[in-house]
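All chains, please: the whole structure from these sequences, using the hints.
Residue numbers (this note's numbering), protein chains in the order written: chain A, 1 to 198; chain B, 1 to 466.
Derived by calculation from the structure, the hints in this document are not laboratory data. It is possible that some hints are incorrect.
[Claimed, not checked] Using C-beta positions, here's what the derived DEER-type ranges look like:
hint: 1; chain 1: A; residue 1: Ala20; chain 2: B; residue 2: Leu409; range: 32 to 42 Å
hint: 2; chain 1: B; residue 1: Ala132; chain 2: A; residue 2: Ala17; range: 52 to 62 Å
hint: 3; chain 1: A; residue 1: Ser196; chain 2: B; residue 2: Glu180; range: 47 to 57 Å
hint: 4; chain 1: B; residue 1: Ala132; chain 2: A; residue 2: Ala20; range: 47 to 57 Å
hint: 5; chain 1: B; residue 1: Ala406; chain 2: A; residue 2: Lys12; range: 37 to 47 Å
hint: 6; chain 1: B; residue 1: Trp36; chain 2: A; residue 2: His41; range: 19 to 29 Å
hint: 7; chain 1: A; residue 1: Lys156; chain 2: B; residue 2: Ala183; range: 44 to 54 Å
hint: 8; chain 1: A; residue 1: Ala37; chain 2: B; residue 2: Met447; range: 56 to 66 Å
hint: 9; chain 1: A; residue 1: Val51; chain 2: B; residue 2: Arg198; range: 27 to 37 Å
hint: 10; chain 1: A; residue 1: Val57; chain 2: B; residue 2: Gln33; range: 48 to 58 Å
hint: 11; chain 1: B; residue 1: Gln393; chain 2: A; residue 2: Ala18; range: 31 to 41 Å
hint: 12; chain 1: A; residue 1: Gln64; chain 2: B; residue 2: Arg198; range: 22 to 32 Å
hint: 13; chain 1: A; residue 1: Lys12; chain 2: B; residue 2: Gln87; range: 16 to 26 Å
We treat Cβ as the ideally placed atom computed from N, Cα and C, and that holds for glycine.
Spelled out from the first residue to the last, the chains are:
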Amino acid sequence: MSSRQAILDRIKENKPAAPAPWVKPPFQVPLPQDRLALFQHSIGAAGSVGVLVPDLVSVGIYLQERFMSPDRVVNTVAGVGFGRDVSTAILEKEALAQVEVAVVAGVLGVAENGAVWVTEEQVPVRVLPFLCEHLVLVVRQQDLVGTMQEAYANIKVDATGYGTFIAGPSRTADIEQSLVIGAHGPKRMHVFIIQSEL
Amino acid sequence: MDKLTPKTIPVPDHPAAAAAFQADAERANWHDQALWFIREKRDVASKQTPDWELLRETASQIKEHVLAHLDELLIQFEEKARENGIQVHWAADGEEHNQIVLGILRQHGIRKLVKSKSMLTEECHLNDFLAAQGVEVVDTDLGERIVQLAQEPPSHIVLPSIHKRKEEVGELFHQHLGTEKGASDPAYLTEAARQHLREKFLSSDLAITGVNFAIAETGGLVVCTNEGNADLGVHLAKVHIACMGLEKIIPKAEDLGVFLRLLARSATGQPITTYSSHFHKPAPGQEMHLVLVDNGRSTHLGKKDFYKALKCIRCGACINTCPVYRRSGGHSYHHTISGPIGAILAPNLDRQKNADLPFASTLCGSCTHVCPVKIDIHNQLYLWRQVLAQDGQVPKAKAVSMQAMATVLANPKVYRLAGRSGRFMLRWLPGVAQNKRLNAWARQRDMPSPPKESFRDWYLKNRKTK
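Shown next, in the form of structure tokens:
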């Protein structure tokens with residue numbers, strides 16, 4: 001008998017009786033007008049810089065002022081207008097490892113923890129947001145939700161082969177609990193929130 | 001069970017190992033404080049989250065549902081995962097798990113790999129097994145890399161190197177990574193590890209990860225890290241192998257909304273881990289495998305008093321809060337998973353070898369109080385003690401003294417006699433009661449000064465005079 005069948009048979013024999021049905025209760029959620037302030041607080045607490053801008057062009061201007069040379073930036077968001085276009089960026093992993101700044105669109109932002117949902121549709125290769133030194137995420141204010149439960153109600157996790165919530169630059173505290181920002185992934189992160197009417 | 005020699009520190013029993021840990025008082029105090037600091041961060045995070053108790057109850061209910069429907073959920077998950085292009089393997093035990101992983105490696109002719117944190121692979125002793133086959137395994141979580149270089153097992157499931165001081169890490173990195181002698185700044189050492197591991201990520205063709213949650217409804221899996229090491233490893237490799245214990249399954253993607261709100265807050269006090277990555281399909285040109293491991297879980301499921309330990313989501317909150325763990329260190333538990341949850345999981349795997357662990361507790365209940373999925377940890381510790389005592393698996397001295405205690409407490413006359421002789425001894429021969437060799441209880445404590453009479457004597461006398 002295969003291990004699979006043996007395991008399943010044993011589970012069937014040993015599993016406990018089903019508990020009484022449980023109706024998920026309603027959970028409190030932040031008010032829509034509070035989402036922006038809460039999101040900004042959360043991204044700051046996670047070590048990112050949050051910037052509220054009126055439109056995508058403002059993101060490009062902000063980056064130009066700080067990074068000067070567009071060669072330092074790989075941009076995957078149409079409308080930002082600064083940085084190397086991704087189609088011309090070299091996507092071999094050794095060259096990718098040299099990427100300083102990557103600009104990536106987020107699908108949705110979560111106010112309670114500052115996490116931004118990014119799927120493989122937003123990036124040319126899955127590794128880009130992890131390999132760059134400095135990650136720039138762009139999310140629309142209208143795409144903010146309050147809690148993780150609201151987030152999952154608004155995304156379909158298997159719509160693409162890969163998706164991730166990113167909640168700040170990479171970090172570790174594995175040496176004596178001292179927080180160090182910049183473990184294996186990005187050392188710095190910006191989150192641009194594109195303003196919109198609610 | 002597999003026959004490999006695990007890389008464990010030789011420890012005879014928990015009390016002896018705890019005493020050895022306590023011998024270095026400065027380190028023991030630091031360890032205690034470091035873990036309490038994390039416990040306090042967890043408290044703040046939980047109190048800032050509305051509906052925290054409702055979240056715990058919901059998570060608990062979801063997990064109870066999972067355990068009652070585990071076979072159906074696994075079949076549903078397997079079917080969906082296969083549709084997604086994930087190759088699913090089943091392993092009855094650690095040995096079979098290791099052989100499956102080796103088979104995939106051989107198929108691709110791979111001799112080195114990167115691995116992100118996976119307590120399951122620790123449980124199966126995968127690293128030692130692969131090393132014996134000439135495969136280089138590089139653990140990429142910083143804490144795990146530290147203990148790997150030190151040739152030690154992790155001492156904590158979330159904070160693998162919490163027992164190490166920064167000077168010790170500095171010395172290890174000096175020897176292995178060429179950092180400056182005597183350097184111990186965490187930021188400097190972390191940067192050195194980043195550069196060292198970046199090269200490993202870029203040159204590795206295969207990545208192993210653990211699994212935090214597997215979604216039956218969609219056939220995908222979720223891996224949570226703060227460092228980004230799981231993602232870097234997987235996305236730069238041609239082959240991804242994810243290894244998970246059977247109990248990591250959850251019914252629906254929406255359940256993640258509950259678990260991800262609880263996991264990091266309970267673990268470190270963060271509102272969420274930096275990365276919560278959802279893998280559903282291999283990237284173009286990539287191959288993805290999932291190994292489902294039983295290793296005693298399906299048997300454990302049948303134990304009425306103990307199966308609820310399988311609800312665990314491995315946050316480590318019970319470990320951080322445990323007054324015994326904080327003062328005895330993770331290695332004193334001589335099991336992959338230390339602390340209270342380890343002490344109730346370990347006897348399911350090997351009752352004899354782990355008979356000391358359910359006694360490594362004060363039964364204060366703090367573990368149960370912080371558990372995000374409401375496992376009755378301290379009750380199970382208490383129940384294990386009874387099972388082990390009935391099995392004759394407690395030390396002779398403890399069994400005999402418990403038997404004597406039972407006789408005394410069951411018989412009022414004997415009880416009164418014992419009380420009188422106790423008071424007599426404490427008053428007239430205090431040296432005997434305080435003798436730290438004769439009385440183990442008095443080793444860290446002073447005996448109380450004896451009352452003149454028992455409450456019963458006092459009561460009888462005073463009632464008469466009224």
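Structure-based check of each hint:
1. Between A/Ala20 and B/Leu409 the CB atoms are about 39 Å apart, so this pair conforms to the stated range of 32 to 42 Å.
2. Checking the proposed 52 to 62 Å range against B/Ala132 and A/Ala17 shows it is violated: the Cβ atoms sit about 44 Å from each other.
3. Look at A/Ser196 against B/Glu180: about 51 Å separates their beta carbons, and that is inside 47 to 57 Å.
4. As the Cβ distance of B/Ala132 to A/Ala20 is approximately 49 Å, the hint placing it in 47 to 57 Å holds.
5. Checked against the hint of 37 to 47 Å, the C-beta distance between B/Ala406 and A/Lys12 comes to roughly 40 Å, which is consistent with it.
6. Checked against the given bound of 19 to 29 Å, the beta carbons of B/Trp36 and A/His41, roughly 26 Å apart, stay inside it.
7. Under the hint 44 to 54 Å, the C-beta atoms of A/Lys156 and B/Ala183, about 48 Å apart, fit the expected range.
8. Between A/Ala37 and B/Met447 the CB atoms are about 59 Å apart, so this pair conforms to the stated range of 56 to 66 Å.
9. The supplied range of 27 to 37 Å is met by A/Val51 and B/Arg198, whose beta-carbon atoms lie about 28 Å from each other.
10. At roughly 51 Å, the beta carbons of A/Val57 and B/Gln33 sit within the given window of 48 to 58 Å.
11. Separated by about 33 Å at the C-beta atoms, B/Gln393 and A/Ala18 satisfy the suggested range of 31 to 41 Å.
12. Look at A/Gln64 against B/Arg198: about 29 Å separates their beta carbons, and that is inside 22 to 32 Å.
13. Checked against the hint of 16 to 26 Å, the C-beta distance between A/Lys12 and B/Gln87 comes to roughly 24 Å, which is consistent with it.
Against the hints set out earlier in the document, a violation occurs for number 2 only.
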